[in-house]
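*Asks:* Sequence:
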Amino acid sequence: MAATNAKEPEELAYCVEILTRGFVQSYVDFFYLQHKNDVTNGSSSSSSSSSSSSSQQGQLKPQKNEKASATAAPADAEEAKVDLGFIQEKLTGAEKARRGGAPTIVFENYRDLAVAFCDKGDFETGTVFYEKGLKIAQLVSDAASEKEARFCLGTTLQRLQNKTAEAISHLERYVELATQVEDAGAALKGRQQLAIVYDKRAQELEDSRNPTSQDRDAIVDYLERVVRIASEEKNPAAKAQGNARLGRAFCALGKPERAIVALSQSLDYFEKSNKLADMGSVCELLAQAYLQMDGKTAKAVECLKKALEIARQTYNQAMEASACRSLGLVHAQAGNHDAAVQCFEQNFDLVRKHQSDDNRVIDDARVLVGVAMRNARAADLLRMVQTDVPSLLDWRVGREFPSVATS
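Under full-length UniProt numbering, the first residue of the sequence shown carries the number 1, and numbering increases by one thereafter.
Misleading hints may appear alongside valid ones.
Each pair of labels, with its calculated beta carbon distance range [said to hold, decoys possible]:
(1) Pro-236 <-> Asn-210: 54 to 62 Å
(2) Pro-211 <-> Lys-272: 18 to 26 Å
(3) Glu-302 <-> Gln-161: 50 to 58 Å
(4) Thr-387 <-> Ala-277: 19 to 27 Å
(5) Arg-21 <-> Arg-209: 49 to 57 Å
(6) Lys-353 <-> Pro-236: 32 to 40 Å
(7) Lys-81 <-> Asn-210: 37 to 45 Å
(8) Asp-217 <-> Lys-81: 25 to 33 Å
(9) His-354 <-> Thr-179: 44 to 52 Å
(10) Gln-313 <-> Pro-236: 50 to 58 Å
(11) Val-24 <-> Val-140: 17 to 25 Å
(12) Ala-277 <-> Lys-81: 39 to 47 Å
(13) Lys-81 <-> Pro-236: 24 to 32 Å
Bear in mind the hints are in silico, worked out from the structure with no lab data behind them.
A virtual CB, placed ideally from N, CA and C, is assigned to each residue, including glycine.
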């Protein structure tokens with residue numbers, strides 16, 4: 001109890017009351033909730049020697065996740081605190097119900113605690129109570145409560161960093177349970193939430209520094225699930241967005257044929273819906289896919305020109321700069337250096353005006369212009385060597401020199 005003496009009198013009073021009423025497990029949980037920030041920060045050395053310290057390693061202690069804690073930390077610690085009386089009531093209520101053999105009431109108390117902490121922005125602690133409720137539901141084979149806990153865990157875990165895979169596992173189980181009891185509404189809600197989490201997981205893998213081939217395969221798998229769910233739910237907009245991302249993933253895998261199939265479906269919807277910005281992005285991706293195939297350079301140029309036209313119509317300078325850069329690279333690879341110089345100069349002007357705060361982008365554009373101009377001059381020199389110099393030599397050799405008079 002030495003550690004609690006330094007706490008507010010109100011917290012001490014609640015601890016004493018819980019213990020005097022005989023709720024030992026509730027005291028342990030209550031004590032930990034009031035000291036978990038001290039434990040996380042490594043500043044609770046005095047409390048670690050108390051009899052309560054060993055109990056803090058039990059069910060309530062969440063897994064270490066510094067980034068998640070930082071993400072979930074509320075802006076105002078005072079406003080974020082859950083009412084102590086409410087915590088005491090729910091913890092003791094759960095322990096009393098457990099002793100009395102009322103698992104449903106135990107589950108409800110843990111659920112109420114989880115909701116309260118999540119409402120205050122403490123998703124990590126909320127997850128802990130949802131997990132405790134899930135264990136109770138599984139222990140007594142309460143499918144309805146398990147289904148509720150699974151959905152709540154899935155939606156809460158996805159808000160923490162590095163917990164998306166766990167969220168997917170819970171939501172997939174939720175859909176299975178809903179399907180087993182033929183709850184179409186719950187199954188629909190679960191699939192819609194799964195599509196969001198699949199997309200988030202794919203984005204996490206894409207954003208990783210060095211995604212492996214296994215990661216890229218997983219990205220495709222998750223995005224295919226997103227497209228499948230959108231198709232099942234007859235959501236053409238979500239399906240088109242999913243196909244666009246799926247096409248980009250296939251390009252990264254070096255599978256241009258499959259990328260073109262997905263991107264073409266996406267482009268068809270955006271054209272019918274007159275969504276110009278999305279059309280431009282898909283055209284750029286289509287160009288990337290065509291460039292990975294032999295003999296498809298003309299198709300790639302056609303797609304890039306279309307993207308450039310859309311960018312100018314919509315005043316999208318970033319897309320315009322990107323299309324100019326890509327066109328310049330295609331022209332340079334084809335040996336059309338004059339056209340490459342023109343495209344790279346346009347790209348440089350655009351990024352200098354609209355991305356002046358990013359020196360790396362500007363330097364890249366400047367280098368491309370310089371290289372293209374050098375290549376263009378080298379081509380002129382090569383033409384001169386190939387045509388003008390041989391002609392000059394032929395003329396020089398064929399000249400008739402005047403005879404020199406001998407004495």
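*Asks:* Could you run down the list of hints and mark each one as holding or not?
*Replies:* Now the hints, each set against the structure:
For Pro-236 and Asn-210, the hinted distance range of 54 to 62 Å is not satisfied, since their beta carbons lie about 35 Å from each other. Checked against the hint of 18 to 26 Å, the C-beta distance between Pro-211 and Lys-272 comes to roughly 33 Å, which is inconsistent with it. Look at Glu-302 against Gln-161: about 42 Å separates their beta carbons, and that is not inside 50 to 58 Å. Judged by the Cβ atoms, the range 19 to 27 Å given for Thr-387 and Ala-277 is violated: they are separated by roughly 47 Å.
Roughly 53 Å separates the CB atoms of Arg-21 and Arg-209, a value that falls within the hinted 49 to 57 Å. With their beta carbons about 37 Å apart, Lys-353 and Pro-236 fall inside the hinted range of 32 to 40 Å. Taking 37 to 45 Å as the suggested C-beta distance range, the pair Lys-81 and Asn-210 conforms, at roughly 41 Å. About 45 Å separates the C-beta atoms of Asp-217 and Lys-81, a value inconsistent with the hinted range of 25 to 33 Å.
A C-beta distance of roughly 50 Å is found between His-354 and Thr-179, which places it inside the suggested range of 44 to 52 Å. The hinted range of 50 to 58 Å is not satisfied by Gln-313 and Pro-236, whose Cβ atoms lie roughly 23 Å apart. Hint check: Val-24 to Val-140, Cβ distance near 23 Å, so the stated range 17 to 25 Å holds. At about 44 Å, the beta-carbon gap between Ala-277 and Lys-81 stays in the expected band of 39 to 47 Å.
Here the CB-CB span from Lys-81 to Pro-236 is close to 46 Å, at odds with the stated 24 to 32 Å.
When each numbered hint is compared with the structure, violations occur for hints 1, 2, 3, 4, 8, 10, 13.
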